[in-house]
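These are the residues of each chain, in order.
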Amino acid sequence: MRGYSHGHPVFLPPTEIARNHPLTEFLDKRLLFVTGKGGVGKTTVAVALGLRAAAEGRRTIVCEVAAQENASRTFGHAEVGFHEVEMRENLWSISIDPDESMREYVLLQLKVRAMRDMLFRSRIFSYLAAATPGLKELVTIGKIWELAQLDRKVKSGRKYDLVIVDAPATGHGVGFLQTPRTFASIARVGPIHSQAQQLDRLITDREHTGVAIVSLPEEMPVNESAALERDLREEVGVAVDRVYMNALYPERFSGEESERLAELAAGEDGAVRAAARAAVSEHERARSQRAQLARLRRRVEAPVKTLPFLFEPELGVDGAEQLARRLG
Amino acid sequence: MPSVGEILDGKRICICAGSGGVGKTTTSAAIAAGMAARGLRVCVLTIDPAKRLADSLGLEELGNEARQVDPALFAEQGVEIKGELWAMMLDAKATFDELVARQAPDEEARDRVLGNRIYQQISSALAGSQEYMAMEKLFELHTEDRFDLLVLDTPPTRNALDFLDAPKRLTQFIEGRSLRVFMKPTGFAAKVAGRGASVALSVFKRIVGFDLIADLAEFFNAFSGMVDGFQARARRVNSLLADHRTCFLVVCGPQGEPVDEAVYFHRKLVEAKLPFGGVIVNKVHYPAERLRGDGADLPAVLAERLGEDLGGRVCENFADYQALAERDSRNIDRLAGELRTQAVIRVPHLDEDVHDLAGLAEINRYLFASAEQREALAAGRA
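Taken in order, these protein sequences are the chains called A and B.
Here the first sequence is numbered in our numbering, starting from 210 and rising by one per residue.
Here the second sequence is numbered in our numbering, starting from 1357 and rising by one per residue.
Just so you know, the hints here were simulated from the structure itself, not pulled from any lab data.
Don't be surprised by glycine CBs; every beta carbon is placed ideally from N, CA and C.
Any given hint might turn out to be false.
As the list claims (entries may be wrong) - Listed next, the in silico DSS-like pairs over lysine-lysine satisfying Cα-Cα at most 30 Å (straight line):
#1 1438/B <-> 1561/B
#2 1367/B <-> 1561/B
#3 1561/B <-> 345/A
#4 345/A <-> 368/A
#5 362/A <-> 1561/B
#6 320/A <-> 362/A
#7 1639/B <-> 345/A
#8 1639/B <-> 1624/B
#9 1438/B <-> 1524/B
#10 1449/B <-> 345/A
#11 1561/B <-> 320/A
#12 364/A <-> 320/A
#13 1624/B <-> 1438/B
#14 1367/B <-> 1449/B
#15 1367/B <-> 514/A
#16 1629/B <-> 1367/B
#17 1624/B <-> 345/A
#18 345/A <-> 320/A
#19 514/A <-> 238/A
#20 1561/B <-> 364/A
#21 362/A <-> 345/A
#22 1524/B <-> 1629/B
Claimed, not checked - Footprint (simulated), chain B over chain A, 3 or more residues, beta carbon under 8 Å:
#23 240-248
#24 287-301
#25 393-401
#26 483-491
Please put together the full structure from these sequences, using the hints given.
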């Protein structure tokens, strides 16, 4: 339990929170959750944060949950599964499968081998585990907690300075991060109650745990990011440290230039017209995106950092490297 | 290359499926509006739409009931709704409660389920409940036979496959067949299933606590009279999905990952013998018009017309867009090849993101255009 104190989480009123702490301070936490709606680039941002932290000498692991393999795919690596696999110097990746987490949890709880074997052979156990609402999420967060320990429970477990979680898409609000709190109230007594409470303390520990929301410069993602920040604050007791506005177009042309180009397009054809139209489109998009960026800044409390749209066919690790350098 | 109108000709149900963030909600609304414009009574079922889109459809105060969209709103955008357009926002929890009320043998059984803490978790928070209830509402509306066409915007799932699996998973859970045996207070289970099971149960109790086990037992007991009803209903929902007048449209984006997802989802549809209608690719960068061989001179021409600085930036920007257009067209070719279909409808990346009726009307023009018309429309933009 080193790394996380047994003490109570520190809740600071919004005004007292250092709003614009530098990236170094963010990466110096022990655990980061990267969250947001589907399709906004959570994995890319999680990997970029991982690359940056690793490049600065932190031993870092990027975790996928629910058996996803997006991070390993970004690295062009084969599936890593429930193993801590090295991707770069100082940078590892794991895909946390809830069934494997459950198994590991039981192994750590039960010391008698015969009992464990019997348990794993029993289909009833996996059935019960599957039937209990939220248990999969809970053991997943349990594994994340385990990875973040300086004194690892897993035999010969590597010590990490930073654990980054590519959290599930927020289809159902704050569900994932809320699980320990919900579970602690369902299971009112017993070991899982105290463990759920412990996990909730981990999630709400502002000193060691950080949360970043990834958003896009469009109407719906901006609305959802604002709603997500509010729900995290009100329902989970977590303050968001950063909102990354991802894939922002550059402002290549002024309004005046755009008008001039529209005139040019009207009187031309062929490549000149196509190029002029593309420029006008770019100007329009960049402008509407700036309006969304301003909306996001008005609607969230956390500092908003921008990441550029990368004009690249596929965003592999090279794209993540570029973003890692641009992270604010 | 057919239009959406041709694909949906004679269909009663259209299910728009795809991973999150690809524009399913907007596409569903545009399809429903387009079919209503053709004279059908159409209802679109959506979950969590963009607030402004909901507002513009007059949905801000919707409960779990269908409401008619004012045709005048579309007329302002140049779309004449000859039929009727209805819309509803799905409330998964309310739908589940209604279903329980319908299946429960009496009021007491209903209240026992509705008051159970496990049920409250499942009906509002458990992954899969939204998907299950979307199917349920679809089935209910279909049975009522009030509409010519139902368009379902599927919930945002991390993986498009979840949508197909969720109802089955949830029904299995409610059935809880093997589990219920172990919940009986007699300890009968331990005798039947032997030492392994009793150890499993005791370990499980040790992990989660006794009260949770008690809640689970209470849950399965409360549901026990309704299992048959749920199963029968699930079977009917499944046969409705497989009906030849149902049509699945896969919605995706032009990047590699969404295309991979679409290919995967299509394969699952085929395996499950569900009727695939076509694929809609949103936010496509159309390639520029044929350049008639003058592309090579472009930098010089632009520099002459606009000056070195602006001309250079226009050129650079054009090259970036052309690269994206080439990527999109490569990915879409791959998609069409993998799916062995001509029914790939490309909707361009519009200058503004779509969240209002004007945007819907614009998308609509692409969805319901013939392939030639679509190319001509897109030729207006590079």
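Right, here's what the structure says about each hint:
The straight-line distance between the Cα atoms of residue 1438/B and residue 1561/B is roughly 61 Å, outside the 30 Å bound, and the hint therefore fails. Between residue 1367/B and residue 1561/B, the direct Cα distance comes to roughly 50 Å. Violation of the 30 Å bound is thereby established for this hinted pair. For the hint linking residue 1561/B to residue 345/A, the alpha-carbon distance of about 16 Å falls within 30 Å, and the restraint holds. A hinted pair counts as satisfied when its Cα atoms are at most 30 Å apart, and residue 345/A with residue 368/A qualifies at roughly 24 Å.
The suggested pairing of residue 362/A with residue 1561/B holds, with an alpha-carbon distance near 23 Å, which does not exceed 30 Å. Proposed proximity of residue 320/A and residue 362/A is supported: the alpha carbons are some 13 Å apart, at most 30 Å. Between residue 1639/B and residue 345/A, the direct Cα distance comes to roughly 35 Å. Violation of the 30 Å bound is thereby established for this hinted pair. Taking the CA atoms of residue 1639/B and residue 1624/B, the gap is about 24 Å. The hint holds against a cut of 30 Å.
Restraint check for residue 1438/B and residue 1524/B: the C-alpha separation of about 38 Å exceeds 30 Å, so the hint is violated. For the given pair, residue 1449/B sits about 22 Å from residue 345/A by alpha-carbon distance, which is consistent with the 30 Å threshold. Between residue 1561/B and residue 320/A, the direct Cα distance comes to roughly 17 Å. Compliance with the 30 Å bound is thereby established for this hinted pair. For a cut-off of 30 Å, the pair hint linking residue 364/A to residue 320/A stands: about 14 Å separates their Cα positions.
Taking the CA atoms of residue 1624/B and residue 1438/B, the gap is near 36 Å; set against the 30 Å cutoff, the hint is violated. Pair hint residue 1367/B plus residue 1449/B holds up; C-alpha atoms about 29 Å apart against a cutoff of 30 Å. For the given pair, residue 1367/B sits about 47 Å from residue 514/A by alpha-carbon distance, which is inconsistent with the 30 Å threshold. Only pairs whose Cα atoms come within 30 Å are accepted, and residue 1629/B paired with residue 1367/B is accepted, the gap being roughly 17 Å.
At most 30 Å may separate the alpha-carbon atoms for a hinted pair to count; residue 1624/B and residue 345/A meet this at roughly 25 Å. Distance hint between residue 345/A and residue 320/A is fulfilled; the C-alpha atoms sit about 22 Å from each other, no more than 30 Å. A C-alpha spacing of about 18 Å is found between residue 514/A and residue 238/A, which places the hinted pair at or below 30 Å, so the restraint holds. Of the supplied pair hints, the one linking residue 1561/B and residue 364/A holds, its CA atoms being roughly 26 Å apart against a limit of 30 Å.
Of the pairs offered as hints, the one joining residue 362/A and residue 345/A holds, with about 19 Å between alpha carbons and a cut-off of 30 Å not exceeded. Under the criterion of a C-alpha separation no larger than 30 Å, the hint pairing residue 1524/B with residue 1629/B is consistent with the structure, at around 16 Å. Counting residues of the segment 240-248 of chain A whose CB lies closer than 8 Å to any CB of chain B gives 3, so the stated coverage by that chain holds, three being the minimum. Look at the segment 287-301 of chain A against chain B: 0 of its residues bring a Cβ nearer than 8 Å to a Cβ of that chain, fewer than three, so the hint is violated.
Under the rule that three or more residues need a Cβ within less than 8 Å of chain B, the assignment of the segment 393-401 of chain A holds, with 7 such residues. Three residues within the 8 Å Cβ limit are the bar, and the segment 483-491 of chain A against chain B gives 8, so the coverage statement holds.
Of the hints listed earlier, those the structure fails to meet are numbers 1, 2, 7, 9, 13, 15 and 24, in rising order.
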